[in-house]
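Protein chains in written order, with my numbering: chain A, 1 to 116; chain B, 1 to 418; chain C, 1 to 137.
Don't read these hints as lab results, they were simulated from the structure.
From the three backbone atoms N, C-alpha and C, an ideal C-beta is built for every residue, glycine too.
Pair ranges (Cβ atoms, derived):
| hint | chain 1 | residue 1 | chain 2 | residue 2 | range |
| --- | --- | --- | --- | --- | --- |
| 1 | B | P408 | C | Q121 | 38 to 48 Å |
| 2 | C | T23 | B | D218 | 48 to 58 Å |
| 3 | C | D26 | A | T86 | 55 to 65 Å |
| 4 | C | S67 | B | G380 | 51 to 61 Å |
| 5 | A | K91 | B | K125 | 50 to 60 Å |
| 6 | A | L38 | B | V91 | 15 to 25 Å |
| 7 | B | G276 | A | P108 | 54 to 64 Å |
| 8 | C | D105 | B | L411 | 38 to 48 Å |
| 9 | B | D389 | A | R51 | 27 to 37 Å |
| 10 | A | P108 | B | G385 | 43 to 53 Å |
| 11 | A | P66 | B | W393 | 36 to 46 Å |
| 12 | A | Q101 | B | I412 | 47 to 57 Å |
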Amino acid sequence: MDLAYRVLDDQLVDVDGRRCGRADDLEFDGELGSPPRLYSILSGNGIWWRRLPRPLRGIGERIFGPGVVGDDVIRVPWERVDHLDTVIHLKAKARDLGLGQGDDRLAPTIAKLPRS
Amino acid sequence: MGRGGPQDRGLDLKKVFQIALGIVAAVGGFVDIGELVFNAQAGALFHYKLLWAVIVGVIGIMVFAEMTGRVAAVAGRPVFDVLRMRMGINVAIVGLIASLAINLLTLAAEVGGVAIVLQLLFDVKFGTMLLLGLMGLVLIVYFVPFEGIERIFGYLGCALLVYVAAAVHLKPDWHDVAQGFVPSWHGSALYAYFAVGVIGAALVPYEVYFYSSGGIEDGWTEKDLGLNRMNTILGFGLGGILSIAIIMVSAQVLGPAQIDPSYLGTTALGAQHAYGETGLLLALLGMLFAVGGAAVEAAFSGAYTLAQFAGWEWGKYRSPSGAPRFTLSWLIFFALAFVVVATGVDPVILTEYAVIFSVVALPLTYLPVLLIARDRTFMGNHTNGLFADVLGWLYFVIILIVALAAVPLMLITQQGSA
Amino acid sequence: MKRAAALLVALTAALATGCGNETNHDVRQSIEQIASISAEAAIMADDLERGRTKTTYFRVHGEELSSQAEHEAEKLSDAPIDPALHDRVEKAIGLSAEISGAIDDMRVSPNDAQQARQAEQDLNKWAEEARKIAGSI
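When you get a sec, could you build the whole thing from the sequences and use the hints?
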């Protein structure tokens, strides 16, 4: 749980040093009676509503998205994490993990601007 | 291990020169439309009696900015990153919404201020100057590197030093001035409101978001801690002298005539009265770049806040297509600010709301920074020392008091008019 | 029943007094604004006479002050006023018109030093008059 506390809400940075989201939520697995094991990081605005106070979750879901894994939430398996310091360093490129899609979608449009 | 030769002394000189330039830029970049409005009004209404509030505000921003700069250099984390990490997503969302709203208000006020000053200089319709001023700002921000932006606006903002000269030239009663630095109470809500306003105008959060993110943009490391301390102490400290000078000039020119400075043009009148057309032009030029610089800081601050909250790539040091959502964010903020000002709302009134609401939201961002700055896990050997800690907590109490008092005082005094 | 009636009367009186006071306060504020505008315009006139200002600045900021003076006069004219204040308010409205007029004349002819000198004296006088009116409310 100390690890979870440490990791939650931290910045994700891919192998090229690109910022590609945050650890917006965490998934654990494990058997009953044994300590939980950090299984994956969930990143994406679709997960935010689940962390809001209960009365705000309805409106949060409508604003931030329903939280569909693969769509507005990306699952990053814990094995893909390289190391932790002030940020969470990943072992792969953001694109390969499905992260930073918003920037990837917008980049061609912004690239049309001069000197971009 | 021997003493440095001529080449090393040359390098040291270069470093000293760079630091000096940085301080100059910080001085010129200290004042924004909030200081111009609140300090002029404070001087006109209360003469020198609120000079102590400038000191409180300036020391506050020194403390806050030094901590955020240190956290950026050592832990590699800018303010909003720290806020989300330390306080969790719920507090961060509240902070995000508050920051974005206040940034937009501030940005609109600054952009409107730029248009007003351009209009005073060129006597062209406000709408035209608003459009041209905005385009000028966007083009400078887009094409000029980060350091260049800081320098342009910082150096040219130093034209406001005309107020320092004018304050002395107008031969104040120095005994009265000195007494103004001693906190006093005048039993009126109006006095309290302007005390809050003067403190709030100096302690604006967007300046700190920009400063800490700027530290990351400039690639600060532990080696830059000295630079951070110089910038915040000398830069903001000397910048505070500009605020003091604006109060003094207002007290000497506007106060005796019982003039209420509701316009930026009125603030400029003080410099004109001391030095004629030259004084006026320096004041207007200084205002243009100080307020323009503040507009850039506010726009970037909003984009930094959003990008850092969501974890997007950010930074002027990235190409626009390297940080597309960040780039689009600051462009949209400028566009929204234009829309707000184009509705006809008075930028001076916007400023007053922006300063007061900034003060209300300030504890939300100050506390996480203070907690991280004292946390050995993140800061190693560079945590707050005893002095910094005492000052840090003292200022948290001051900020809380000011934040709680701000809105009731605004309502009771009808925004300083009652 | 009697207690309820007394409470109603007290509330009504309080509201009525409160409303009257609020209007008086607004009236005093408007007139103080007029005085402020006049005093500021006087300083500007002095600088204009001595060639110590920029024409563009004078024209733009002068227009702001002139419009504000007119706006205050309109507020005074439109607001429901305590009849006891009527004469003083009318005087203030008249002052406002003169102040606007003087500023606008200087904006049209910024190089007329004699006009500026006269305007400075008048504006100072009108500022003082407006302050006296505001002080009496």
